[in-house]
Structures are given as structure tokens and as C-alpha cells.
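What follows is the residue order along each chain.
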Amino acid sequence: MASVQVSEAEKVYIMHGVRDDLRVDGRGCEDYRHMVIETDVVSNTDGSAKVSLGHSDILVGVKAEIGKPRALVPDEGYLEFFVDCSANATPEFEGRGGEELGIDLSNTLYKVFNNKHSIDLRSLCICPGEHCWVLYVDVLLLQCDGNLFDAISIAIKAALFNTRIPKVHISEDAEGGKEIELSDDPYDCVRLNVENVPCIVTLCKVGQRHVVDATLQEKACSVASLLLAVTHKGMVTCVRKMGGGSLDPESISEMTETGKRVGKALHAPLMDLLKKEEGLGKNRQKVGFLR
Amino acid sequence: MAGVELLSDQGYRLDGRKASELRKVQARMGVFAQADGSAYIEQGNTKALAVVYGPHEVRGSRSRTMHDRAVINCQYSMATFSTAERKRRPHGDRKSSEMSLHLKQTFEAAVLTQLYPRSQIDIYVKILQSDGGNYSACVNAATLALVDAGIPMRDYVCACTAGFVEDTPLADLCHAEESGGGTTLALALLPRSRHIALVQMDARLHQDHLDMLMEAAAEACRGLSKVLDGVVRQHLQEVSVLTRD
Amino acid sequence: MPTDTKRLRGPEESQSPMLFLPPDAQILKASSRDGSRGHADVRPIFARCGLVSQAKGSAYLEAGNTKIICSVYGPRETERKDETDMKSGRLLCDFRLAPFSCLKRGAWIQGNEERDLSVALIESLQPGVCLHRYPRSQIEINVVVLENDGSILAHAVTCASIALADAGIEMYDVVLGCTLRQDGDTCLVDPTFAEESGNWLGGYGENQGRVTVALLPNFNQVSGLHADGEMREDTLTEAVRTCMDGCHKLYPVVQHALLRAVKRKAPPSVK
Amino acid sequence: MMQSCFKNKIGDVVLPGDIFSFELPVTEDGSVKAEKIICGPGLRRNGDEVLVCKSGILRHKQPNLYWIDSQQKRYVPAKGESVIGIVTAKSGDIFKVDVGGSEQASLSYLAFEGATKRNRPNVQVGDLVYAQFIIANKDMEPELVCIDSNGKANGMGVFGADGFLFKVSLGLVRRLLAPQSEIVKDLEKLFPSEIVVGMNGCVWVKAKTVQQTLIVANLIESCENMTAQQRQALFKRVADGNL
Amino acid sequence: MKDTPLSNCERQFLLKAVEEKKRVDGRQTYDYRNIKITFGTEYGCCIVDLGKTRILAQVSCELVPPKDSRPTEGILFFNLELSPMASPAFELGRQSELLVKLNRQLERCLRNSKCIDTESLCVISGEKVWQIRVDVHVLNHDGNLMDAASIAAIAALSHFRRPEVAIQGRDITVFTPEERDPIPLSIYHMPICVSFAFFQQGTYLLVDPCEREERVMDGLLVIAMNKHREICSIQSSGGIMLLKEQVLRCSKIASVKVSEITELINKALDNDKRARKEGGKFGFAESMPKERITALKKDEAPVEMTDVQDTANEIISRTEAQPDIVKVPSPVVPAPGTGQVGEGLLNTWGLEEEEDEEEEQHEKEEMSTGEVMVLSDSEEDDVVILNPDANKPKRLEGGSKKGVEAPKKQKTSH
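Top to bottom, those sequences are chains W, C, R, E and L.
The first sequence lines up with residues 1 to 291 when you count with the UniProt record's numbering.
The second sequence lines up with residues 1 to 245 when you count with the UniProt record's numbering.
The third sequence lines up with residues 1 to 271 when you count with the UniProt record's numbering.
The fourth sequence lines up with residues 1 to 243 when you count with the UniProt record's numbering.
The fifth sequence lines up with residues 1 to 414 when you count with the UniProt record's numbering.
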């Protein structure tokens, strides 16, 4: 992660602040920074979303392509994750610098979605064993100011909500070969059910307490952090301890409990915000980076 | 593309523009907080983001430091979802390293590098959506980012593409016109001094039409420089209002 | 990607025989564990130190059919000079599954999963090693899984910490790893490969998941925690506790292995 | 006798690996008359045999000096030889000078006439320097100086305002620097010009106009592989062609 | 191993020489160096000598499934290698900027200009098409790699023959050259690159810069054109500031150069075809029978003797006068399989009818008399190749007679 140099005195200052539930930018321990979400930002994709959480900017594009289903699960489509840490974020990511972090992020995303209920993979299947939809989820990291996992998971949820997969009808031509036609009417499409898509909450252990949505400074003076992917029903789909320190079991269960609570509380406002934006329909003024 | 008719006989193009009409240009400076200079530009459907870091000390290979001027280091990359067909890798293939090379040369000519010896200026450009004229969008975005970063330049660098269909020059090509097999000319111009920083042309064109084509491209660049000029003034006006009282 | 020219490959559209297994063979009922092992029992492990002469320290560990060998080099000088934090050392890990280790042949080049496992291994071992004693240097850990029969990360953590101890690197505590497979309400400790992935694909019920915990036994601190699949929060905390008990069960075998190694290396006591 | 097998080889092309073995001549009074042979560059002693290790023409100089005149381009620094170097870097109190050898030679800033700690010589990166080697062996980094034993520059130091520098083979350099070199004599007849020749194959030429400098430079370059008469003919044509 | 740095005095001298319209090797501002094209025994292999720059191009073909985006078109693939043999500055495996620039320019010049009909390369649409692969290797770098590479590539492509193919239903039979003689590629036009080096912020301009001039130049403008005066690609590089008029002027100069180089390539191709038809000897070994052991013969650098004043703009004004293809005096063909144009020829074109130099090269007996190929360069004296074997002095006078006579003629012509 792009780290920032923090002197010892600053660390002590931040720790004392967290102990009294007052962080450097005035937030409480479980408050998120100001978050801006916008969908359908890039037109070449089937679904896209831009999230800026404080100064972290993430852009996610989802492209659906027809591919061959995996051998072991012939009746399901699958998701492919690719995280591109562009040099825009920090000069460190130039050339192959950002590759290591990108692979770490995408591996975690694979784990988060590695269950049956996040996305109904069966609905992605066109004809078992031969054709299925493959959703390429490309995450573009434009600016990173800490807490990337949360911003990425929210952006993915918004992008999947915004994804429109064209309807497919299969016609049998003469010698039994299957012919696939896509309907080119833009409105004749299938929407994904993103109810169950989990959101990631990263809890950072600073001193004795843990904080949500830690900035780079707070992360620099934390020993360990726990990453929790929580669905709107409170199910935990991925847990991962990050950082060089260790945690005692009590604080793990404490952090898990907080994570679940904060995660669950995140889904409801997100979903109705997305629905409201969807509701605006055509006269919605596209903002993107322009404001 | 034999099928698609690029220029209708009444002189309208695919997207309804006249022959020498530019696409809608929207731009904004100072998009990112962490970068020294940043800018975002939309030319029609082509969207580009440019970020500038520097001038800072040379990282990586020390051998590149110049004892008399700054080294310009560019990286051009395209988002994997920017084109209709998904790109496997954002950068690293020959096309993008060539584009980075062109950007580097364009700005080596325009930026006053001798003011910052033994230092490095990084220019990173990201194409979010590609609908033709990638090079020109990158140059315009990078110019705005350099202005935002306060790096001294001889002049704005405006770039534009021009095509040639049924011997009428078309300005500011979109993807359909660019990949239609006709001639495409990319021109990076310093409008006030009418100096050309970079010229690049593809596909066959008879020598006599070259003059007309370059004139159309130069005209388009001058039009673009007015738009960029407007954006910079508006941004400065905004910033000065915030900092005045 | 350099194409693999040496091996005679079948025609492109050749399928792996795995596909043609009868469907029920694939989905193994996870809850019924065959024969001797109860749900909460850990497979007996065999551990030895000092197998690789070249390495500073090395260890070989067998848990059931899972066989892992690990060697430790260092502390060495860091090549990348411009590392920022110079006051503490760095752990570098290279986690490889031998191509013949799983049913389906893997590639020699390190895939994304292996990189993920390397990162997980480093984060689990780092709390146990006194890195501040080795400023401006790096310790390289090379782990090779010779045969993969389930919970390779957990056993790799244990094997690596034995190798580190064998290499004489200062550690706060040995790090032990244990994995648990949650299937509905039953949880299987130290699952085999079939149990670990078998029921998973078919399972649509609640609480399907896998938890791996790395533990510092004397401090009772969790140094590594990985879980995926879908579980309720209480099942998760329960699973973590079960894993920690599993780790404690391994501790005596590890101590014995280290004792043997130290005795063998120690100078003949003056009798 | 010993030198006889050498003598008949003088002027011939010898290849690396040729061996000159000697039977010690036994004089009438049975004592062995030892003869001394000095092996120059290209010859190596191996027991009582002399091995040739560079291809070229065997040369002889009275009384017993033999050496191989090879057509080499890569220069190996030798102590006492004066060369033309290009200053590539200024680090601390030494300049790095590229002499076309295997590594860059070092030249201390004090090794200039009248240089003291305070008033340092004005040397820029990229300048030409005419200097002499005081340290040049295979184990140490070669070192140059621009002053002779009693501190005078006598011709050495930074130079080359607006002349033209080019590289030639070491064989031609030796012919140019030979005491009565015909090439130099012919060049003098053409038009006045300054020529500086470094043992490392760098030649610097300056004449009144750019045009003449180019002519002299091209003439020197083309003398590389010409026999004497061809050179005469060329110089005659250049002389009348120009007048 | 980094190559030797450029000293300040060398840089200043070269720039002063450029200002006074003098070039190190005695050429005019718009002169090309000696271009020599030789073909190998195998079809599609050719070596081009541009002065001392030497480039090998090899064309090969293969039956491959087509790209699914273009099922009915063959595939053209270009690859240019900078082998470390060419200059100490080239390191193997390092993606240097020069490598990327050359590769992309070659691709743009030969593929985007659609100079080869890719439809004719399709065997079974969607299944099997010909993939034509052009490998270009730089053997010696003495400046201006782009022009030499483009000449080598287009010459090799036009020299290349692909095996004939017969299709019955699904199976394809490929005939060996013995069964059916191979078929040439269908080439519409021959795009050739012309490089212009700019000095002193664009005030001075040189064609075909040699290596020393390349190290001193500010920027480069490469224009690819074919003999029908159609521009195939333009690419400016280096931090230079150009004006529109300069680009137009360069394109006019390029059109003249290209028509003359195309003439040379065709000459060499017919030469090789004639040599093969008559069953004579052809290929590299033949093309340099009389040279010294070193393949890269060290011809003496031409010396510019007379103070030739600048005839550049006078030449330009003349090109506008004659729109049609200027009658180029036939290039001297020293040995079968080679076409050779000495520098001198360039600035005599269009001036007055050069009496057609009698073909020194008369088939068989010429070989025996050892009449050495005469580089009839104009103002510099005759280049004489010193043959290691005892050669009759007679030839020497003969050579010099030619030489002496040549410059005089040259002088009058200015």
C-alpha cells in the first residue's frame, strides 16, 4: 500500500485521539469519510461506477463477454477481477510498481466473491458446458488515500448494480450448431441481483481501540488490521488479518462484531441511493470528474 | 469501411458534425488532491486523465539525470475497459510505449526544461474511454495538468487529428472515422508561434493534399487552444475567488 | 508467456479426466469422516529439521498426505537499497506448489494463488520473528509443497517457523497453523483436500466456509487469520476458537522436533 | 643463429601461436654464447621459446628489439604514452576521462599546470584533454596527468577549440608518429594545419577553414589502407585539384 | 557497454560544418550515401548497404489460422532487431526507445499503407491464411537505420516467393518449389522512408544523416512515400519545432528521392531475376567476389575537393518544373544481383543528359578480367579497391583515368 512517513510524535498524538474516540479529522471511531458514488461513468462498458471516499478515487468497469464455462462447474458463469494500480495514484506505481498491490487486491476480491450467494452465477449460464457470461470486473485505482478495500467493494457493488447484460436467445441452426444472437435493443437486458453482494469493512487496530475507514496516517501507526466482507444479512464472506502485528482473540471477536454491525448498516443507504439515482433516469446530469 | 458513408453529400459526418467542427470539449483542472498537477478532459466520448509530479529528484536509474536540464518521463496507459474490446494489459505493449515516447518528445519541445537541471518531471496519462483521437486528448490533458502544476512552458500545446475523405479534410476524428482506413494526421501545435511539436500521419495521401490537410489540422488546434484557454481562465478565476478573502 | 515446448501436449481440445468422474464421487459428504479421526482431531504430523545442507535452516513436515519442505536463507543484505524503513529487517517468502503436487498439473511459474499464499505466510510469521534485531537485512523463506492433501497454508506456517527456529533466527515464539472446514453446523479440523474442496462446490446450505488461523501458543495471540466462504458471525468466532485449540495440540510435536535438532547439533556434552 | 630464424621472418605476417624455438649456438670454445632478445608488444617469452600472441607484421630494430605491428583498434593503456581523452564526469576532485580503453582513466584536478587547491582548472564535461599516463597496469585503474616531471604542461592540458576529432587504427597512429613519417611530410605540403595524435587512436585536426579540415581528416583516414604510390597519386591530385 | 561519449569540440565542429553546407563525408545536403542492394540465394532474403549502415531483411511465410476479427485476410508481421553487433550502444533484450520507434515506424509504413494485398494471402477464409513474417536485423549502425530498414523490407518482400497452394475441400496441399515454382506476393506500391535531420532549431536540414550527424541533430522527420508521389506516413521525432512550410518542402524532396530509390530497387530485382533465369550465379557469395576478405569493404571516404557552392534550392526549384519522373541515369550495375548508385549521380539528375555510362558489367568475361566495380562518384576521386592478390597495375591507371575524368566532368556540370 502506498505508505506515508509518520513521525513518532504524530503516532502518539493519533493514538491518544483514537483512545478518546476523536480522530484527526474529527470523525468518531466508526464513521466513514465523505463518500461520492456515481454510476454509468464510462460508456464502453456494460456497467461502471466511480467512488471517491475522502481522497481515494476508484473507477470500476464491468464488461460482460461470452466465454466457455469452467470445466468443474459447467452450469455457471464466473467473475474475473483485475486491479490496475495506475501511476496516477503515486509515481511508485509506474511501470510494474503497482502490480504487486494489484494482485494482492484482486486475490482478496476473488476470496470475497468465492461463495454461492454473492452473485447468482447460475443466471449467467447461457447453455451449460458451452457458453456462459464472463463478467470482467476491472478496478482502476486513480488516487489512494487509505482504506482501498472498502472503496473498491462499494464501487464493485454499484457497478454490478448498474450492469446491463443483453438478453440472449439461442437458435438451433441446421446441423444442431447453436447460434447465439444478442438483442441489440439497449433496453432489452438482464439486470443482476446485487442484494447479496458483500461490502468490505477494514478495521484498523490503533492502540487499544479499532477504527473504521482509516486514512494513510492512521494506518501507518496501526500494528494490524482486520478485513471483513459483510453481506446485508450480516453473513461474513471473507476475513483476513493484515499487517505485521498479531491480535488477541478477544479483540478479534470485538472487531468482528463491530465490523458486522457497521457493514450491515452500510448496505441499506447504499442500495436506496443507487435506486434513487437509477430513478432519475435520463435527465440525470452526468458529473464524473467534471465537478 | 465501404459500407459506412463517412461524409454525407450534404457535408454532415456520422455524428452530425460539419467537416471542420470539433467535438464537444469539457475539461477541468485540479481533479486530484495528492498530485502536483492534474486535469481531466472529455473530447466527445474520448475521456483522458493526466497527472503531473515534479520537478523532483530523479528516482530509479541515476544514469538518466541530465546535468543541464530536467528529464521528462511519460507513461501512457489505457484503462482495460476503455475500448470496445477489453484490453488485457493497460500498458507495456509497443503501441503504448510508442505513445509515451511521442508524449515525451512533444513536451520536451514545449516545457522549459533547462530551468530545472538534474531533476525529473513525471507526466502520467490515463485513457478512461477511447473513441478516437487518443493522442490529442492526452496532449491536451497533459498541457492542462502542466499548467495546473505551475511548470513553465513556452506555449500551450494543443493537439488535434485530421482526416481526408472525398478530398475534404475532416477535423477531430472519432473512432469510426479513424479506423475507417482513411488518412489520419495527428498534429501537436504551439498555436501562438505556429510551431509544430509533433506531426504523425498514417495511410496513403497524395502529396498535393498534404498542405490542405495540415492547414485544417492547424485550424482545429487553434480552435482547441481557445477552449483550453477558457478552461484555464475559469479555473484560475474559481481558485482566486476561494483564496481572495 | 514462454510456451512449454518440451512436453508432448495432447490436442488442444483434450479434457482432463477429472471431468468424467461420476457426479457423486465429486461431492464427498464432508460430515462423515472416514475411520479413526474425529471431527476435532488433527492429523498426526511428522516434523524433522536440517534436511537441506545449503540452507541456514530447513524443515520437512508431513501431515497425513500433505508434505511440505521449507528452507530459510539469511539474514542477508537487501538488494533494493532504496528501502525506506531501514531500522527493521524484512521477511521475503517464495511459496511454490510443485507442479506434481495436485491432481491437475500446475505450472512452474508462480501463479496468483501462490503469490496470495506467500503474502499470507509472511503476515502470519512476521509477528513471531524479532525483525528489529536484523536492521537493513532480509530473511528469505522458500516453501515447496510436495504433495497437497488439504490445509497447506496452515502446515506451511508451522513448517516455516520450525525452519526459522532451526536457522537460529531470534523469535518471540513458534508460530503454529491450523485450518478448519465449516460445513453447515459440523466443522472439520485439519481437513484433507477432498473434504476441503469437495462439498464446497455443491453446497448451497448456510455456513459453508474455511478458516485458517496462525497462533503464537505462549502469548495466545493470533498472528494470521484467513477465512472465506459464507458464515454467520457467531459460527466464525466459534471456528476461530476451535482452530486455536487445534494449534495447541500441535505444539508438543513441534517442540520435540526442535529438541531433537538442537540435541543433534549441540556439541557432545562432556560426560 | 638464434636471431637468424627471427631475421628471415621480419616483414612477414605472423599469426598468434607461431613459436620461435632456439637451439643455443655452441661456439667453438664450447661456451654458450647467450644472445639477448627484447620482445616488444605482441611477443611473449615461454621458457626458451618466443611465442607470438598478436597477428601482424614482425618488425625489427637494431640491435635486438622485435615487435609485432598489429592493426588494432582497441587501445590498452601503457605507462608514459600520451593520449587524447574526453572528460566524461567530474566527481569530487578527479575527472573521469574516456580514453577508449577498457575502463575510464582518472585525472586529478591538481595534475594541471599551475593548479592549486583554490584555483582549479576550468575543465567542463565533454572537453578534450591531451595527457600522459603515469599509472597504467592491469591491476590498477589507469591515471593521467597533464604536467611533466618538472610541473610544466609542455603541450598537455585541455585543448580542441574548434578542430575535428576522429578515430583511426593504432597502426596508422604509429605511422603518423614515426620520426620522419612520409604521411606527415605530404600533409605539410598541402596547406598549413594543426594535427594532434593520441596513442589511443584519436586524431584531432584543425585547418584554416572547415573545408580544409575535412580534407585533411579524410586524407588521414584514407591513408589507412593505401600503399605509398597510391598515396602519392592521391595527394598530387588533391594538391592540383585544389589549386 | 556504453559507447564513447561525444566531445564538445566534435559537436561544435559538426554543427559549424552543417552551417557551411559541408558534410564530413563530402556529400551534398540532399545526397544519399552509396546504396547497394544484394539478394541471397533464397527468395526473400536481402542485404542493403546504405554507406556503412548494413541491414539484413528476411521474409518467411507460414500457414496459420487467421485473426477472428479479420477471417479473410492474411497476417503481416514485422520485427526489427537491434543486434549488439551493430553498435556498442545496443544491448540485447533491452526495449530501448529506438527499437520501439523503428518497429512502429516500419509497421506503420508497410502495414497501414496497405502496400501488400492481404486478401490474396487467404487460403481458406476463417481457417488457414498465410502469415508473412519480415525479420529485419541491423548488422552495422552508421546512421539512418530507418531508410535502410524500409528499403531492405520492401526489397525483400518484392523478392519473396511463397509456395503455391491447392485446396480440395478441406485439405490443403502445399507444393514444394520443385513441383510448382513459387508465386510472388502482390505488391501494390513500394513505400520508402526518407529521413531528414534538423539542426539549430530547424534552420538547417540534411538528408540521410550518418551516425555522427545523428548524434548532433536536434530532431528527425521521417516521410514514407511511394513513387506515385503518395505519402504513406509522416513521423517527426526529437524535440524540434517545425513549420508547416518545412514539412511541405521535405515532402517534395522526398518524392524525388523515393522515385530514384524505387528505380534502383527495381533495377536490382530485374538484375537478380536475369541472373537466375540465365542460370548464372546469384546470392551473397557472388555479389562480392572481388572484395577483400572483410565483407564490409573499407572504401576510402570520398574527399570533397572543389568548393562546391550550395545547389540545394536550385535543385528544388527544378523538381517543381518537371512533374513527371525525372530520367535517372542508369545506375552502374557492377555484379549480377546488385544495383549500385554512386553519390555523384544524385546531383547530376535533371541537369543535363549524362551520357549513358557503358555497362561495365558484361556478363561472363567481365568476371575474368577482374574489372573492379567502379564507384563512379562524381567529385571525389575514383575509389580503387586494393585487391590482395597481385593485380595488374594497368587496372590502376584505368581506374584512375576513369576517376580523373569523372571529377572534371563533374566540375563542368555545376
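Hints in this document: simulated from the structure, not taken from any laboratory.
Among the hints, a few may not be true.
Claimed, not checked - Derived DEER-like restraints, expressed as beta-carbon distance ranges:
1) L:Glu-81 / E:Arg-175: 37 to 47 Å
2) E:Arg-59 / R:Trp-108: 58 to 68 Å
3) W:Lys-282 / C:Met-212: 34 to 44 Å
4) W:Val-36 / C:Ser-193: 35 to 45 Å
5) C:Glu-85 / L:Glu-62: 20 to 30 Å
6) W:Gln-208 / L:Glu-91: 30 to 40 Å
7) E:Arg-175 / L:Glu-91: 27 to 37 Å
8) W:Pro-166 / R:Gln-54: 54 to 64 Å
Unchecked claim - When the alpha-carbon atoms are kept at most 27 Å apart in a straight line, the in silico DSS-like pairs for lysine-lysine are as follows:
9) E:Lys-189 / L:Lys-16
10) R:Lys-87 / W:Lys-111
11) C:Lys-95 / L:Lys-114
12) W:Lys-11 / R:Lys-87
13) E:Lys-185 / E:Lys-236
14) C:Lys-87 / W:Lys-167
15) E:Lys-73 / L:Lys-52
16) C:Lys-104 / W:Lys-286
17) E:Lys-61 / E:Lys-9
18) E:Lys-61 / E:Lys-79
19) C:Lys-95 / W:Lys-286
20) C:Lys-24 / C:Lys-226
21) L:Lys-52 / W:Lys-68
22) W:Lys-264 / W:Lys-116
23) W:Lys-178 / L:Lys-128
24) E:Lys-167 / E:Lys-73
25) C:Lys-104 / C:Lys-18
26) W:Lys-286 / C:Lys-18
27) E:Lys-167 / L:Lys-52
28) C:Lys-104 / L:Lys-128
29) W:Lys-111 / W:Lys-68
30) W:Lys-68 / C:Lys-87
Since we're looking at a predicted model, the values are computed, not measured.
Glycine included, each C-beta is placed from N, C-alpha and C at the ideal position.
A quick look at each hint next to the structure:
| no. | hint | in the structure |
| --- | --- | --- |
| 1 | L:Glu-81 / E:Arg-175: 37 to 47 Å | holds (38 Å) |
| 2 | E:Arg-59 / R:Trp-108: 58 to 68 Å | holds (59 Å) |
| 3 | W:Lys-282 / C:Met-212: 34 to 44 Å | holds (41 Å) |
| 4 | W:Val-36 / C:Ser-193: 35 to 45 Å | holds (41 Å) |
| 5 | C:Glu-85 / L:Glu-62: 20 to 30 Å | holds (25 Å) |
| 6 | W:Gln-208 / L:Glu-91: 30 to 40 Å | violated (56 Å) |
| 7 | E:Arg-175 / L:Glu-91: 27 to 37 Å | holds (35 Å) |
| 8 | W:Pro-166 / R:Gln-54: 54 to 64 Å | holds (59 Å) |
| 9 | E:Lys-189 / L:Lys-16 | holds (26 Å) |
| 10 | R:Lys-87 / W:Lys-111 | violated (34 Å) |
| 11 | C:Lys-95 / L:Lys-114 | holds (19 Å) |
| 12 | W:Lys-11 / R:Lys-87 | holds (17 Å) |
| 13 | E:Lys-185 / E:Lys-236 | holds (13 Å) |
| 14 | C:Lys-87 / W:Lys-167 | holds (24 Å) |
| 15 | E:Lys-73 / L:Lys-52 | holds (17 Å) |
| 16 | C:Lys-104 / W:Lys-286 | violated (32 Å) |
| 17 | E:Lys-61 / E:Lys-9 | holds (13 Å) |
| 18 | E:Lys-61 / E:Lys-79 | holds (21 Å) |
| 19 | C:Lys-95 / W:Lys-286 | violated (31 Å) |
| 20 | C:Lys-24 / C:Lys-226 | holds (13 Å) |
| 21 | L:Lys-52 / W:Lys-68 | violated (55 Å) |
| 22 | W:Lys-264 / W:Lys-116 | holds (19 Å) |
| 23 | W:Lys-178 / L:Lys-128 | holds (23 Å) |
| 24 | E:Lys-167 / E:Lys-73 | holds (9 Å) |
| 25 | C:Lys-104 / C:Lys-18 | violated (33 Å) |
| 26 | W:Lys-286 / C:Lys-18 | holds (26 Å) |
| 27 | E:Lys-167 / L:Lys-52 | holds (16 Å) |
| 28 | C:Lys-104 / L:Lys-128 | violated (41 Å) |
| 29 | W:Lys-111 / W:Lys-68 | holds (22 Å) |
| 30 | W:Lys-68 / C:Lys-87 | holds (19 Å) |
In terms of the numbered hints stated before, the structure departs from hints 6, 10, 16, 19, 21, 25, 28, listed from lowest to highest.
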